[in-house]
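Student: Make the full structure from the sequences, and use the hints.
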Amino acid sequence: MADSGTMTAAMTGPRGPKPKRAFNRTNIMIYGTLIVVALYYALPLYVMIVTSLKGLPEIQMGNIFAPPMEITFEPWVKAWAQACTGINCDGLSRGFWNSVRILIPSLIISVAVASVNGYALSMWKFKGSEVFFGILMIGAFIPYQIMLYPIVILLREAGLYGSLTGLVLVHVAFGMPINTLLFRNYFASIPEELFKAARVDGAGFWAIFFRIMLPMSLPIFVVSLIIQVTGIWNDFLFGVTYISSPDRYPMTVQLNNIVNSVQGVKEYNVNMAATLLTGLVPLVIYFASGKLFVRGIAAGAVKG
Amino acid sequence: MALSDASDVTAQVGQGTPARKPTRIFKNLSSKIASLPMVFTALVIFVGGTVWTIVYSFTSSGLLPRLKWVGLDQYERLWSSRKWMVSIENLAVYGICSLILTLVIGFTLAALLDRKVRGEGMLRTIFLYPFALSFIVTGLVWQWILNPQLGLQNVVRGMGWESFAFDPMNNSKIVMFGLLIAGLWQGTGLIMCIMLAGLRGIDEDIWKAARVDGIGTVKTYIRVIIPMMRPVFVTSLVLIGSGIVKLYDLVVAQTSGGPGISSQVPAMYVMTSMFGGQNLGQGFAASTMMLVTVVIILVPWAILEFGGKKRG
Numbered sequence: 001m002a003d004s005g006t007m008t009a010a011m012t013g014p015r016g017p018k019p020k021r022a023f024n025r026t027n028i029m030i031y032g033t034l035i036v037v038a039l040y041y042a043l044p045l046y047v048m049i050v051t052s053l054k055g056l057p058e059i060q061m062g063n064i065f066a067p068p069m070e071i072t073f074e075p076w077v078k079a080w081a082q083a084c085t086g087i088n089c090d091g092l093s094r095g096f097w098n099s100v101r102i103l104i105p106s107l108i109i110s111v112a113v114a115s116v117n118g119y120a121l122s123m124w125k126f127k128g129s130e131v132f133f134g135i136l137m138i139g140a141f142i143p144y145q146i147m148l149y150p151i152v153i154l155l156r157e158a159g160l161y162g163s164l165t166g167l168v169l170v171h172v173a174f175g176m177p178i179n180t181l182l183f184r185n186y187f188a189s190i191p192e193e194l195f196k197a198a199r200v201d202g203a204g205f206w207a208i209f210f211r212i213m214l215p216m217s218l219p220i221f222v223v224s225l226i227i228q229v230t231g232i233w234n235d236f237l238f239g240v241t242y243i244s245s246p247d248r249y250p251m252t253v254q255l256n257n258i259v260n261s262v263q264g265v266k267e268y269n270v271n272m273a274a275t276l277l278t279g280l281v282p283l284v285i286y287f288a289s290g291k292l293f294v295r296g297i298a299a300g301a302v303k304g
Numbered sequence: 001m002a003l004s005d006a007s008d009v010t011a012q013v014g015q016g017t018p019a020r021k022p023t024r025i026f027k028n029l030s031s032k033i034a035s036l037p038m039v040f041t042a043l044v045i046f047v048g049g050t051v052w053t054i055v056y057s058f059t060s061s062g063l064l065p066r067l068k069w070v071g072l073d074q075y076e077r078l079w080s081s082r083k084w085m086v087s088i089e090n091l092a093v094y095g096i097c098s099l100i101l102t103l104v105i106g107f108t109l110a111a112l113l114d115r116k117v118r119g120e121g122m123l124r125t126i127f128l129y130p131f132a133l134s135f136i137v138t139g140l141v142w143q144w145i146l147n148p149q150l151g152l153q154n155v156v157r158g159m160g161w162e163s164f165a166f167d168p169m170n171n172s173k174i175v176m177f178g179l180l181i182a183g184l185w186q187g188t189g190l191i192m193c194i195m196l197a198g199l200r201g202i203d204e205d206i207w208k209a210a211r212v213d214g215i216g217t218v219k220t221y222i223r224v225i226i227p228m229m230r231p232v233f234v235t236s237l238v239l240i241g242s243g244i245v246k247l248y249d250l251v252v253a254q255t256s257g258g259p260g261i262s263s264q265v266p267a268m269y270v271m272t273s274m275f276g277g278q279n280l281g282q283g284f285a286a287s288t289m290m291l292v293t294v295v296i297i298l299v300p301w302a303i304l305e306f307g308g309k310k311r312g
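One line per chain: the protein sequences are A and B, in this order.
Quick note on the working numbering: the first sequence kicks off at 1 and runs consecutively.
Quick note on the working numbering: the second sequence kicks off at 1 and runs consecutively.
Rather than coming from a laboratory, the hints here were simulated on the basis of the structure.
Fair warning: there could be bad hints in the mix.
[Stated by the list, open to error] Below, simulated DMTMM-like cross-link-like pairs (lysine to aspartate or glutamate); rule was C-alpha separation at most 25 Å, straight line: (1) A:K291 - B:D114; (2) B:K68 - A:E157; (3) A:K78 - A:D247; (4) A:K266 - B:D167; (5) A:K125 - B:D114; (6) B:K32 - A:D247; (7) A:K291 - B:E120.
[As the list claims (entries may be wrong)] Pair ranges (Cβ atoms, derived): (8) B:E162 - A:E70: 25 to 31 Å; (9) A:N88 - B:Q278: 57 to 63 Å; (10) A:E193 - B:K116: 36 to 42 Å; (11) A:Y46 - B:L29: 43 to 49 Å; (12) B:I174 - A:S261: 24 to 30 Å; (13) B:I226 - A:N88: 52 to 58 Å; (14) B:G277 - A:I108: 36 to 42 Å; (15) A:P246 - B:E89: 32 to 38 Å; (16) A:C89 - B:S172: 33 to 39 Å.
Keep in mind the model is a prediction, meaning the values are calculated, not measured.
Virtual Cβ for every residue (Gly too), placed ideally from N, Cα, C.
Tutor: Next comes the structure, spelled out in structure tokens:
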């Protein structure tokens, strides 16, 4: 580190003017470290893209980090429409649509429930409301494994075990702690006068919620949606536990089955195309939402 | 002013309405009805589910749950199982390394980014994007990069270092470090973000004072800034800790617990006993042990966090 610093100084020192502060040793060290680390973080995404665009012979001969000599989109087509899991050979598209069918109702219900919870907890406290909220928060830290089997029994009693509806309900329940916390803290920051004025005008629980609070809380809805989309899309544990038939597996579970199946030749390019396809939804959300995503995870840091 | 006005009006309205009490009950009723899903989740799923599993961990449940008491038998079997011991050892190795490295890397990156670097936004985006990806995607990518025949090892050997060996996917001695690399890649971004927020919350005057006193930058970080950021570190510790106990998806995707049983983890033991081995009692006992671990992590934190507030 010191060597490179003195070398740069020796090269730039004697000639031009006094070296600019931007090129001093500390800065070189800072930028050097950051760039090396950034490469490590960016590498897997690069490898995924590059591998998914190569043909199988090129992969078996060549360097995993080398860019493709001949770009082919065949692995993407195969991953989406032909990859096999068990007897079904219609590719990841099946898992994708299952995940969409799980995601949309889960999103709507969990955000609706969490916003009402947060509103009730911050403005309409009742006896014991804080206790329930406390239990909910502790629940976020309990290893899910301990609650898995009792939920199997509950769902079976309700006739929902193995169905997408059952999985939706599970996502709503486990998404509740973090989203309720988010809405509760947001509504608690709204000035009390506003609430009181609405009360004086005779507005009740639902009227205040729909007419005043909802229009004011759009940003927090977006944050909550971001948390839920990535959380539900990336879930593996609940999908593998509560869905009984491979036909209805969400995308992550199907992806794992495709890539880690032991039969046949390993098609690394198809595997990476499939992996990238599964990661695409949360990645798009991440790159599109920018600061809101950071705000979401900062607020949702308790999720664990 | 506005506040007192409003409460005056409320008082007048209250006096004017004869049926004050029923109104209040009705008002609470709306809120209570709206909170029913939350109450159900908290009581039935979180409390009920946890208690149910703990109770049934003292039974001989096999294929189906049965209330036939066997005392601590399941726990004795659990702790004499080699697979469980391997799981615990693995989790300890992974946990300690992950805890220390995540904190060190997370803080270092945050501190570097906090030195007013150019392109901070872009760098932050790069450090954080793995956090948006699922553990399955993470595990599969790193499984491919660490592929012994075609991956990193092959590339390094191809560059001339013939004896280079790093094959965590085949080598049961270092397989946990293969998982660690993937886990760190996925999780350090979050901790960096939290640390950066903590650093930004520190008063600029502290830095000025340190400069006046002639304390070096690194020394200021270690002696002044880190002690000031204790709450941020504690939050990070709790986050990392409770995440480590849940470690499951990553192992399933990257190694499936192999080679052999060398990368088994407790959560995986629970899943295979419950849904693969039709050995519910073992699954319940193992998941209860996971809960105990989390309690051991959380209770000191809760005492620090909430016990401290009362005193202050």
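Student: Each hint should be assessed against the structure and marked as holding or not.
Tutor: Status of each hint after checking the structure:
no. : hint                        : verdict
1   : A:K291 - B:D114             : 17 Å, holds
2   : B:K68 - A:E157              : 22 Å, holds
3   : A:K78 - A:D247              : 18 Å, holds
4   : A:K266 - B:D167             : 18 Å, holds
5   : A:K125 - B:D114             : 41 Å, violated
6   : B:K32 - A:D247              : 39 Å, violated
7   : A:K291 - B:E120             : 13 Å, holds
8   : B:E162 - A:E70: 25 to 31 Å  : 29 Å, holds
9   : A:N88 - B:Q278: 57 to 63 Å  : 26 Å, violated
10  : A:E193 - B:K116: 36 to 42 Å : 40 Å, holds
11  : A:Y46 - B:L29: 43 to 49 Å   : 58 Å, violated
12  : B:I174 - A:S261: 24 to 30 Å : 25 Å, holds
13  : B:I226 - A:N88: 52 to 58 Å  : 54 Å, holds
14  : B:G277 - A:I108: 36 to 42 Å : 37 Å, holds
15  : A:P246 - B:E89: 32 to 38 Å  : 34 Å, holds
16  : A:C89 - B:S172: 33 to 39 Å  : 34 Å, holds
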